[in-house]
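Starting from the known structure of chain Y, arrange chain Z on it as the hints suggest.
There are 2 protein chains.
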Amino acid sequence: MPTRRQCANAIRVLAVDAIEKSQSGHPGAPLGMADMAEALWRHGFKHNPSNPDWPDRDRFVLSNGHASMLLYAVLHLTGYDLSVDDIKNFRQWNSKTPGHPERGICPGVEMTTGPLGQGISSAVGMALAERMLAVQFNTPRHTIVDHRTYVFCGDGCLMEGVSHEACALAGVWKLGKLIVLYDANGISIDGRIEAWCDEDVGARFAACHWQVVGPVDGHDAEALDGALALARADADRPSLIICRTHIGFGSPKVDSAACHGAPLGEKAVADARRTLEWEYPPFVIPRDIYADWDARTAGEKAEAVWNTAFAAYRKDCPERAAEFLRRVNGALPKNWTDIAGNMLQKIKDGRAATATRTASKNVLDHLVLHLPELLGGSADLTGSVCTFAQGSESFAPASCSGNHISYGVREFGMSAIMNGLALHGGFIPYGGTFMAFSDQAKNAIRLAAIMGIRVVWVLTHDSIGVGEDGPTHQPVEQLAMLRATPNLLLWRPCDAVETAAAWKSALENRKTPVCLSLSRQNLPFFDRSEAQTEAVARGGYVLCDCEGAPELLLLATGSEVSLAAQAAEKLVALGRRARVVSMPCAEIFDAQDAAYRESVLPDKVRARLAAEAAAPDYWRKYVGLDGAVLGMPHFGASAPANDLYEHFGLTVDRVVKTALELLGA
Amino acid sequence: MPTRRQCANAIRVLAVDAIEKSQSGHPGAPLGMADMAEALWRHGFKHNPSNPDWPDRDRFVLSNGHASMLLYAVLHLTGYDLSVDDIKNFRQWNSKTPGHPERGICPGVEMTTGPLGQGISSAVGMALAERMLAVQFNTPRHTIVDHRTYVFCGDGCLMEGVSHEACALAGVWKLGKLIVLYDANGISIDGRIEAWCDEDVGARFAACHWQVVGPVDGHDAEALDGALALARADADRPSLIICRTHIGFGSPKVDSAACHGAPLGEKAVADARRTLEWEYPPFVIPRDIYADWDARTAGEKAEAVWNTAFAAYRKDCPERAAEFLRRVNGALPKNWTDIAGNMLQKIKDGRAATATRTASKNVLDHLVLHLPELLGGSADLTGSVCTFAQGSESFAPASCSGNHISYGVREFGMSAIMNGLALHGGFIPYGGTFMAFSDQAKNAIRLAAIMGIRVVWVLTHDSIGVGEDGPTHQPVEQLAMLRATPNLLLWRPCDAVETAAAWKSALENRKTPVCLSLSRQNLPFFDRSEAQTEAVARGGYVLCDCEGAPELLLLATGSEVSLAAQAAEKLVALGRRARVVSMPCAEIFDAQDAAYRESVLPDKVRARLAAEAAAPDYWRKYVGLDGAVLGMPHFGASAPANDLYEHFGLTVDRVVKTALELLGA
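Going line by line, the protein sequences match chains Y and Z. The numbering of the first sequence is numbering that gives the first Met the number 0, which starts it at 0 and goes up by one. The numbering of the second sequence is numbering that gives the first Met the number 0, which starts it at 0 and goes up by one.
Bear in mind the hints are in silico, worked out from the structure with no lab data behind them. Values in this document were obtained by computation on a predicted structure and should not be read as measured data. Please note: incorrect hints may appear among the correct ones.
[Claimed, not checked] Not the full set, but computed from the structure, chain Y residues with beta-carbon under 10 Å of chain Z:
id, residue
1, Gly170
2, Gln210
3, Gly469
[To be verified] Just a few of them, taken from the derived set where beta-carbon distance is under 8 Å, the chain Z residues facing chain Y:
id, residue
4, Val161
5, His163
6, Cys196
7, Leu324
8, Gln439
9, Gly648
10, Val651
Beta carbons: idealized from backbone N, C-alpha and C, even for Gly.
Chain Y extracted, bound-state conformation (with noise of 0.2 Å):
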């Protein structure tokens, strides 16, 4: 029978001879966690290599994603869908191993990492994501939840900043089934980190409600098996597990920053298995070791299990049994159509004249009354952005009841948690802050839209429209920033109208998560006929149109579209031709069928004029070279909003005066 050294060798060859055929990837890591995986994976992890979409699976996130062959061979070894063909096609063009574990690519793979700090703040979600359905869903008779996240992350997680935030809110929030195991091998890719990183990780942690267990030897398996234990018995603590490990265990570079990123070489890979007393050639498993790590039959008995206990709670309860499906499988209620109809209708017919901050609101109002998965929250700054709706309460941690979270000051570990409700399913998260600091929350937002999930970020105060707070609040660049970023949408609805088109279109698109752009100032409210209303989904539409072919357009967003209709009635006024294309969505305007495009923009109309207080490269996509685009080429300024609209020439004069220009007027 192979000891437990050895099943943990079968990963370590794995990994270094998929790194070697690659000719590329992080070797030191891998066979550094070896021990730890081996630990955790054989023993007490609680999944179905058969079925990893099982809802109460435990949830595992490798935080330092370059570790990526770790899990790869974990996967394979326990009888996941990866063959040692996927294996052998490691970092090659669309294989299943990827250089860093994606979600959707690779079975198994919970979450996809690799920007270090991001997979253990996710986690964090995913833990509370549990903790919540559980208060939810089980009854005193039913437990239908009850499964862990764990986390691998090394020394760089630790140090990006992130994982101080979500660390400290899952101290909190008593996230006692969240285990991570800390690699603590005290190097980085500069070498040795105590010239940059000596701090006590365990007084840290412990000053945020941490249990800390070690630090233990992270090669002694019998010593990680109790140290798991005692993270497992602690109900009420997260528990960080200081694993003491060599980075490169059993290679010849071991303890050195030089095993961190490239291939060991023939020759060290040839040290090491005979260190390692390994004698099989390159990706040969022996039998007896493949069928020690095979979890599918005690796998295949746990769902059963499972299976049972959820066979009953549905005859028990058959309504909790089937929301609680839905919720999982993240299905919008079936009377969804009804639900976003009546809000829609509601706020056509309020017409308020509203800041669309507040019109975010007033849909929410609607929305978190009739979706029990929204799971709301701001990054402290709640009354401001409008997240709280009637019918959210605030989260109670003590009772882990509630739908709307004060994140704290926050944006990015908000984000990463937000990102982990989403993997964890059950919830649509969605979380505010000014948009001047999405700039904090970009590559959790980014990272969301490289997994595709459904994650909605409410980002106010979108413009100079902020006014007093000055320049450090008033985004300029942001929305150039969200839109460059592929799979985001981006919506800067002009009013209520659009902004509970917008918030429908998040809610319906499952795989791209949303950004909404929403002014702090009160806008006007524009009728519509039914065609523009429903236009409204498609991203970009005629709002304003004149008698006869235009001769202008005028294309704008959010706050700007008013200064465009007014100056096109001005326009018109003057005998000119005029037509004002609200473009609250320019993804989904994109991404409409040619003829569409062309009927709101038609081609041989060149004189266009742009208004946006933004940035303003980005609108020469629709305006081109002869067009013309106001907005923001500089950082605004701290005054009142009005003045700063004024000065920086964004008011329907300068928009008439341009436009007859462009029309050679």
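The following block gives chain Z in isolation, referenced to the frame of chain Y:
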């Protein structure tokens, strides 16, 4: 004689009166921190209000920048060039007293703050600059650099992860002259913080090797004196003084989030006046309180003492003294033209076909030897981002020697610290990371742009050329994000010569931060005429031209320039007149006169094709509605770089094909 409390109350009433007059602002924090400000600024703070540029002044950073009125009141009372009329103009257009403190607008404001967490983080950079300059310039007989860096910060700053990143480094670096006064009022915008922030802040900082002083009563002047004395006495550890305060002290809204971000209202202001026993009308400060605050005479004396010491230093070490003044004034060396010229010549003669990250190192090999103010570093990617040059020496915390810092995996913290180094003066900081992780640094880059300071980001691995590491490590939208940021130069050089020009531009632009976008992969070298080499500095120029007037313009940057050049050759061979425009810095090109721009991009040539392995929309600015862009409208993937270029269609053949389509061929 006024009491210390009365002196503090002068701050309080100026703050609430100014906020009331402008009907906008944050009264809670100035009311809460006024006693802390009195204790610091009237007792031991070294400054000269008549010369805010005195190099050896203590630095003060208001990290919770929304408390701006506290700082304005102190600057006014101590005698800076800030009148009571300036105070009355709080938050108005063109005033010296914007909503958040802005460097360069108000004398005595060391740094623009507002985005929480960055003030304290940049202060770490300031304190490091002081310590390094002291090591570099003080002698056994002469101490010309000897000042402290003080910070006020609140709960919000400490919740932000960037504060963890920077403060961990402050501990490693033993910045004993960094003193943070933490306004622990237990309230943030969403209310009492326990539900989202219950960490033991003292334990957290102790874990990072700070001296933790207190908690002390932040309204007890003597307690604050004692705490400050302890802090000043510890030469080896930065100090955190935990000050328990009451937000909104003296007002009826004390201890409530309600006083955080909105004017108190007329009645509450009147109540506060009664509570504070302040009997004077708005904006009136009694003469004796002004007299007690006035720091001009003491400040002039203090500076005079330093001037005498500096004169003695100059006498003993004239060259060193001159060099000190050059360094703190931010002037390049007198022989800069020669240094830059030789460097450029050497690079040009080298004709090296290298990755531009390597070209950047080759440039640094030259520059680092000649510019001791260059202080390099990386976020734990030193080998990959090529920031460590010949002449670089690793920073050693114990001796504070060296000129290259391993910042650890902390892109945001590194960037905020670099800002602090530049703000302090004496250094030109540059720091490297992968371009994809410029996301994490974004808001610090933005703040550098708002402040107009000389900081250089070395962003390598700037496209799918990253290859196997996959989409999390391949930037797509980052170029658009950085180009859209005002007052920021983004250079994406195509070869060694352009890389040298980029570095030259970065060092010569004192008021504009620069991001360098550099390739991981090797790129060819282009031979240029003398005129072409000079034209690189104009941001965009004709790299390869056809015979006669061009009928097609091919625009490209960085790694895609060679695609364009090869395609142009093929097109010329097919009898087409194609011109290749290299556009390494579009912002600089846009700032050229119209005649030059027309000479490069003739308006009438509308067959225009841009190629860049990034989000494509930006290029519509140059190719218009009738051109085409070959770029990356989606995320990348994990595979060898060449495979990715092929699969994503960034090939010579596709450039040729698309060009011919544009030409109607």
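Hint-by-hint comparison with the structure:
| no. | hint | in the structure |
| --- | --- | --- |
| 1 | Gly170 | holds (7 Å) |
| 2 | Gln210 | violated (15 Å) |
| 3 | Gly469 | holds (4 Å) |
| 4 | Val161 | holds (5 Å) |
| 5 | His163 | holds (4 Å) |
| 6 | Cys196 | holds (5 Å) |
| 7 | Leu324 | violated (31 Å) |
| 8 | Gln439 | holds (5 Å) |
| 9 | Gly648 | violated (14 Å) |
| 10 | Val651 | violated (20 Å) |
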